[in-house]
Amino acid sequence: MVTFVSAGVIGLSMGAQYALIAIGFTLIFGILGVVNFAHGGFYVLGGYLAFTLSHVLGVPFVAAIVLATIATAAIGYVVEIVLVEKYVVDHLATMLITLGFYQILITAIVVFYGAEPMDFSFPITGSLRSGGIFVPYSNLIVFVVCGAAIAAVYWLVYRTRYGIALRAMADDGPVARSQGIPPATMFPMAFAIATGLAGLTGALVTPMLALDPHVGEGVLLKAFVVVILGGMGSIPGAMLAAFIVGLTEAYASVYLGGSKGALVLFVLVLVILLVRPQGIFGTEARKA
Amino acid sequence: MRMPKKARTRLTTSVLAGSASLLFSAAALAQDCEVKVGMAGPLTGGASAWGLAMKTSMEFVAAKHNEAGGLPVGGKKCKVNVVTVDAQCSAAGGAAASNYLASQNVKILIGPVCSPETTGFQPLSNRHKQIFFNSSYKADAIGPDWPYGFHMHQGPKVFGPIIIKAGKDRFKFNTAVVMGPNDQGGTDSGNQSAAIYREIGVKTEVEWYQRGTTNFGPIAARIMAQNPDIVELAAMPPPDVTNLVRQLTQAGYNGLYGGMGGIGMEPVVQGAGGVEKIKGYFWLELMPVEDPGALKVREDYQRIMKSAPTTNAMLYTSTFAAENILRAVSLAGTDSDVDKLADVLRKTAPESEYFGKGCWRGKAQYGINQEFAFPVGMGVIQDGKRIGVERVNLPCES
Amino acid sequence: MAPDRHRDFWLDLWGMALLLPLLAMPLLFKDPFILSLTYQFAIGVAASLSVYVMLRMGLLSFTVPAFMAVGGYAAAMLAKSGVTEIMALMLASFVLPMIFAVPLGLLVLKLKGLYFIFITFIFNEILQLIIFETPKLTGGSDGVVGVPAATFLGADLGVPWRQVFATVAVCLIASVIAFAASHRYRAEFTSIEENETLAESLGVAVWKYRMIGYIVSAGVAGLAGLALVNMLGTAHPSSFASWSVNNYIAYVFVGGRGTVLGVVVGSYLLIYMTNVFNAYAHLSAGLFGLLLIAVMMAAPGGVVGTAVKLFGGFRADKGDAPRPAPAGGAA
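As you go down the protein sequences, you meet chains A, B and C in turn. Mapping of the first sequence onto this note's numbering: residues 1 to 288, in sequence order. Mapping of the second sequence onto this note's numbering: residues 289 to 686, in sequence order. Mapping of the third sequence onto this note's numbering: residues 687 to 1017, in sequence order.
Simulated from the structure, these hints should not be mistaken for laboratory data. Here the structure is a predicted model, which means the values were calculated and not measured. Please note that a few of the clues may not be correct.
[As the list claims (entries may be wrong)] For the chain A half of the interface with chain B, some residues (derived, Cβ under 10 Å), not all of them: (1) Gln-17; (2) Glu-85; (3) Tyr-87; (4) Gly-126; (5) Ser-127; (6) Arg-129; (7) Pro-183; (8) Thr-185; (9) Pro-188; (10) Glu-217; (11) Ser-253; (12) Leu-256.
[Claimed, not checked] Derived Cβ-Cβ restraints for the label pairs, each shown as a range: (13) B:Asp-627 to C:Phe-838: 30 to 38 Å; (14) B:Glu-355 to C:Ile-859: 51 to 59 Å; (15) B:Ala-513 to A:Ile-124: 24 to 32 Å.
The C-beta atom is built at its ideal place from N, Cα and C for all residues, glycine as well.
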C-alpha cells in the first residue's frame, strides 16, 4: 500500500515536470510547425545557467532560476531569428537545423564545464512524511511552480490578444497573415516562450535529479512521447498525456523494474496511438 | 577529493588550449624523431566523461616526456604525439577507430573504454596488429584470441571478492540489490558484481534500468519496497548514481551503498547531500587515491597541463597505462614493431613513476597474462564519517 | 520547381553509377582507413536508401535501425548455426524484415506526418528493449559475437579485401532494389506524396503502394544490417541504436532528398566528415552540428537539390524559357 501511494506521488510529480517541458515543445510545433530537436538542449542549458548563477556566482536560488529562464528564452529568441525563421515552412529542414544546434550547444557545454556531472543541489532538502509515505519538499515546490507556469502559459495563449494571434497563426498561417498578424514578431516570441519553459524546467529539475551535458536526450524523448500522445500542438492534450506518461512510468517501473517498465510505457503509447492515431486531444494531423 | 568548482569548470577549456598548443609546438619544434601513440574511446555522448579523462591522461604523460626533451628511443629523444579518435561507445565505432588508427600508423594505444567499442575493436586488433589497453568490464576484455589486447585494470571478479568481503565483515549485510543500465556496459559489471555478492551468501537481486532514465524516483520506490541492506551501484554512471542516491535519501533509505564500478566517492556524497548523511558506503578506487603517488599525479598534471586534472577515477589508471606504453616504446626502441613491443610488455613488470612497481595477471581468469596487477583502493564511509581509502594489494600471476 | 522525370531518372542513374567505384576500392587500396570509409559509405547509402524509398511517398520512416537489426541478427544467427553462404544470408536478411514489415505496416501506415515518424521511432526503442530482455535468443546486451565470416559458393570471404568487397556488393544489391522499386512505382509514389486525396480519387490504391514501399524499405534496411554484421563479425545492439537513424536521415537531407544521387552524395559527404571529425575528440559532435546547419542553410534542398536548381536555372537562361523566380522555400 505504501509503495502504491508512493508510486502515485512520484508519478504525479514526474507528470508535472513532463508537462512543463512538453508544453514548450508542443507550442513550438503547434505555432511554427517546427519539431525542435534542441528542446532537450535548452533544458540542459537552463540547468547549467542556474548552476553557474547560484553555485558559482552566489546569486540566490530563486533569482538564479528566474534569470536562467529569461536567458534561455532570450537565446531561444535569437536562435529562432538566426537559424529557424527562414526555413520555417520546411519542417524537415528545421528538424535537422535544430538537431545541429543541439549538438553545437552540448559540445559548447562540454568545452566550458567538462563532461563530468556538476554538484548542483536543491537548497531545500527533506520530505513531508506520514506513515511511510513521503513527499519531498523539492517535489512540492516544483509541482507548485509547474502549476503556476502552466497556468501562465494557458492564460497567455487563451486569454490575451497575443495568445489569440498565436493561435490564429497556428490554425491557419496565411489567413492570420492576411488579417495583419505579423509572423516576424510572433514566431520568435513563441519560440522564446517555449525555450524559456524548457530552461525553467532544467533550472528547477536538474538540481533534484542530476546535471551533466547529456541529460537532455532522455528529456527530449519524454517530451516527444508526451506531445504525440496528447496530440501534436495541443496544450491540454500535452498536460493530460504528461500525467498519463508520468504515472505509467512510475507504476510500471516500481512494479516491473526500470527496463521492463520502459517497455510497458512504449507499448502502452503505441496502443493508445493505434486506437487514436491523432493523439488524445489532437484533431487532424499536421503534415510534416 | 572535492575540487573548487571554478577550477573544474575551467578544466576542459584549458585542456583544449593545452592540446592545441601541443599541436603547434609539434610543428615548430620538428625534433629529429617522433613516436605515435593512440587513444580510442567515447569522446562524445553519455560515456564521454570516461573517454575524455583517458584522453587527457594520455596527453599529460606525453606532454611530460616532451617537456623533458622527448622520449628516449634507441639513443634519440623523440617527440611523443597522441592520436585520438572518438569510438562513440558502439561496436561499429570501435571498429572504425581501429581502422583509423591503423591508417595513422598507430600501433599502441589506450582504449577502448565501453564494452561495445571493445567488442568491435578486438577482432580488428589482430588484423591491424594493434596493442590496445582497454578498460572495459567485458567478461572477455582480454583473451588468447586477441594476443595484442591488454587490460588497464582488473574487473569485479578480481577486486570484488576482496572488497565486498571486507565490506561484509565491516557492515554485516545480508540482502543486496545490484543496479545497472540495460546495456552491455551495465550488464558486464552488474552480473559480475551480483555473482560475488551471492558467493559470499548475500541474497541478491539485480535491477536493470533503461539507459537514459531521467528520474530515478520510481526505481527508488521499488528498491524501498525490496528493503535491501545494501544497494550496489555497480555499473551506474556518475550522474545516474547521484540521481538515484538523491531519490533514495528522500524516500528515507537508511541502508548501505556499495560502489564496485570505479566511480569513487563523489557521486554518492553529492546525491546524499553530504558525507554525514551516509550510513555506510564502501567503494572501489581503481588506484589507491590517497597514496602520495596519486597526489603527485595531480600536482604534475596541474603544472604541465596548466589546468586542474579531471575528477574522474580514470585519471590514475590511464596515467599508469600511458606511462607503461611509453616505457615499452622506449625499451623496445620502436613504436611500430608490434611483436617486439608486445614482447617487451609481457617480459617486463609494469612500473610507474607515481605508483611504483606492479606485475601482470589474468591467466586464470582470461587465459592470458596481460592485465595490470596493481594495488587498488577501498574507500569507506561509516556512520557519516569518511574513514579513508585503504590500499588493497592484488595477487600477481606469472 | 516542377519535378522533371527525365532529369531525375538520370540523376538517380548517376547516383547508382557513383556506387560502382566502391567495388573497386578493396581491389585497389590497402589503407585501412580507405577500406573503412568504403564499407561505411556502402552501408550508409543502403540504410539511407531505405529512408529514401519511404520519403518518395512523403513518409519519413525512423524504423530503419530496427529493420537493420532484424536482418543483421537473422544473418548472424544463421551464420552461427553453420549456414555461411552469403546468398542464403542475403535471402534471410532481405525476406525476414519484409515479413516483419507486413503487420507493422498494417498498424502504422494509416498514420501521417509526425505521428508516423514517432511511431516508427518507438519501434526502435521497443526492439532494443526486446533484445535486452531476450538474452537466450539474441545474446541480450552482449549481442551475437564471433559470427563466422560469410562464404561465396564455398570461397571464404573472411580475407579483409573480400570482406569489404562482399559488404559493398550486398549494399549495391540493396541499392539496386531500392532504385528499381522507386522507379517501378515512381508515378504512384509521387502522386501519393503530392496529393494523397487526389491520388485516391484517381484510383491509386494508396494503401497498397504504401505497403509495397514499406516492405521494400524494410528489405533494403535488412540487407544493410547484414552488411554491417558481416563487416563487424558481431550483431550488437549498439550497431542498431535508435539515434543512428538521425544519421541516415541527415545523409538523405544533406545530399538532397529528391534523388538517389542526393542520397549517395549526402552519405559520402557526411560519413567522410564524421570520420575526419572523430579525430577532434569531444568537438566532433559540435562540428557535425555546424556542418548540418551550414548545409541546410546554404542549400535547403540538399547539395544535389540545390545544385540542380542552380544548374537548371542556368540552362533555362540559355533557352527561350523565362527566367525562373529566385529560389524560394525548399521542397
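Status of the hints after comparison with the structure:
{"no.": "1", "hint": "Gln-17", "in the structure": "holds, 7 Å"}
{"no.": "2", "hint": "Glu-85", "in the structure": "violated, 29 Å"}
{"no.": "3", "hint": "Tyr-87", "in the structure": "violated, 26 Å"}
{"no.": "4", "hint": "Gly-126", "in the structure": "holds, 8 Å"}
{"no.": "5", "hint": "Ser-127", "in the structure": "holds, 5 Å"}
{"no.": "6", "hint": "Arg-129", "in the structure": "holds, 7 Å"}
{"no.": "7", "hint": "Pro-183", "in the structure": "violated, 34 Å"}
{"no.": "8", "hint": "Thr-185", "in the structure": "violated, 34 Å"}
{"no.": "9", "hint": "Pro-188", "in the structure": "violated, 29 Å"}
{"no.": "10", "hint": "Glu-217", "in the structure": "holds, 6 Å"}
{"no.": "11", "hint": "Ser-253", "in the structure": "holds, 4 Å"}
{"no.": "12", "hint": "Leu-256", "in the structure": "holds, 9 Å"}
{"no.": "13", "hint": "B:Asp-627 to C:Phe-838: 30 to 38 Å", "in the structure": "holds, 33 Å"}
{"no.": "14", "hint": "B:Glu-355 to C:Ile-859: 51 to 59 Å", "in the structure": "holds, 55 Å"}
{"no.": "15", "hint": "B:Ala-513 to A:Ile-124: 24 to 32 Å", "in the structure": "holds, 26 Å"}
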